[in-house]
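Chemist: Please model the entire structure based on the sequences and the hints provided.
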Amino acid sequence: RKEVEQDPGPFNVPEGATVAFNCTYSNSASQSFFWYRQDCRKEPKLLMSVYSSGNEDGRFTAQLNRASQYISLLIRDSKLSDSATYLCVVNAEGKSTFGDGTTLTVKP
Amino acid sequence: NAGVTQTPKFRVLKTGQSMTLLCAQDMNHEYMYWYRQDPGMGLRLIHYSVGEGTTAKGEVPDGYNVSRLKKQNFLLGLESAAPSQTSVYFCASSFGRNIQYFGAGTRLSVL
Chain A
1 RKEVEQDPGP FNVPEGATVA FNCTYSNSAS QSFFWYRQDC RKEPKLLMSV YSSGNEDGRF
61 TAQLNRASQY ISLLIRDSKL SDSATYLCVV NAEGKSTFGD GTTLTVKP
Chain B
1 NAGVTQTPKF RVLKTGQSMT LLCAQDMNHE YMYWYRQDPG MGLRLIHYSV GEGTTAKGEV
61 PDGYNVSRLK KQNFLLGLES AAPSQTSVYF CASSFGRNIQ YFGAGTRLSV L
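First to last, the sequence lines map onto chains A and B. Per the working numbering, the very first residue in the first sequence carries number 1; after that it's consecutive. Per the working numbering, the very first residue in the second sequence carries number 1; after that it's consecutive.
Treat each hint with caution, since some may be false.
[To be verified] With beta-carbon atoms standing in for the labels, derived distance ranges:
1. S32/A / T54/B: 21 to 31 Å
2. N22/A / G40/B: 12 to 22 Å
3. E15/A / G51/B: 44 to 54 Å
4. E30/B / S53/A: 24 to 34 Å
5. P10/A / T20/B: 28 to 38 Å
6. L69/B / A20/A: 44 to 54 Å
7. E30/B / D77/A: 31 to 41 Å
8. R1/A / K57/B: 20 to 30 Å
9. A67/A / T15/B: 43 to 53 Å
10. L46/A / P39/B: 22 to 32 Å
11. S109/B / T18/A: 32 to 42 Å
12. G53/B / P14/A: 52 to 62 Å
13. E15/A / L69/B: 22 to 32 Å
14. G16/A / D62/B: 18 to 28 Å
Calculated from the structure, these hints are not laboratory results. Please read these numbers as outputs of a predicted model, since none were measured by experiment. C-beta: ideal position from N, C-alpha, C; glycine also.
Modeler: Okay, structure coming up:
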């Protein structure tokens with residue numbers, strides 16, 4: 001079993017839709033969590049950190065469920081420009097582990 | 001705002017040739033990393049460094065060597081390139097085990 005697992009998708013949604021991705025992790029000692037965005041053939045860039053109380057940044061909401069060991073990313077009112085691969089990152093015991101990513105395509 | 005700069009951006013090698021990829025960061029970060037990403041796949045950690053003069057193996061270190069002689073630079077070497085090393089290589093840096101900032105990548109083809 002991988003330490004960090006994501007549904008690879010692809011998720012194909014129409015503009016304006018709400019879409020959610022989950023990322024599960026196996027190490028219960030995991031301490032910090034992030035979502036990155038990676039556009040085709042570009043470098044990953046931080047989208048948002050994930051806080052225990054959950055956090056929101058515009059149309060994006062990130063949540064952490066420690067009991068079930070997963071983090072989630074919710075995108076509301078999807079835009080064409082949201083099309084990308086979304087990577088989750090879990091830090092545990094001095095090590096950062098990236099998920100393989102979930103691909104989102106938003107269509108007109 | 002240079003951030004993390006990787007050189008070269010593209011390179012084509014023949015099997016058996018050697019090369020060095022350079023990563024430079026201007027954020028005074030202690031931690032630096034080298035990843036490879038194959039088509040349709042996630043990032044795999046090759047080597048990393050937690051400070052000047054230190055290096056450690058990641059998930060896929062075989063066939064690669066690294067050096068961190070200066071805090072701002074992290075070099076990745078391929079001594080004898082193989083077609084299996086065709087990939088996109090990303091360098092990243094971070095302040096502690098925190099948010100990683102990535103370079104734009106080096107696209108390497110080994111024929």
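Chemist: Determine for every hint whether it applies to the structure shown.
Modeler: Structure-based check of all given hints:
no.	hint	in the structure
1	S32/A / T54/B: 21 to 31 Å	22 Å, holds
2	N22/A / G40/B: 12 to 22 Å	20 Å, holds
3	E15/A / G51/B: 44 to 54 Å	47 Å, holds
4	E30/B / S53/A: 24 to 34 Å	29 Å, holds
5	P10/A / T20/B: 28 to 38 Å	36 Å, holds
6	L69/B / A20/A: 44 to 54 Å	45 Å, holds
7	E30/B / D77/A: 31 to 41 Å	39 Å, holds
8	R1/A / K57/B: 20 to 30 Å	22 Å, holds
9	A67/A / T15/B: 43 to 53 Å	51 Å, holds
10	L46/A / P39/B: 22 to 32 Å	23 Å, holds
11	S109/B / T18/A: 32 to 42 Å	40 Å, holds
12	G53/B / P14/A: 52 to 62 Å	53 Å, holds
13	E15/A / L69/B: 22 to 32 Å	50 Å, violated
14	G16/A / D62/B: 18 to 28 Å	47 Å, violated
Violated hints for the displayed structure, listed by number in ascending order: 13 and 14.
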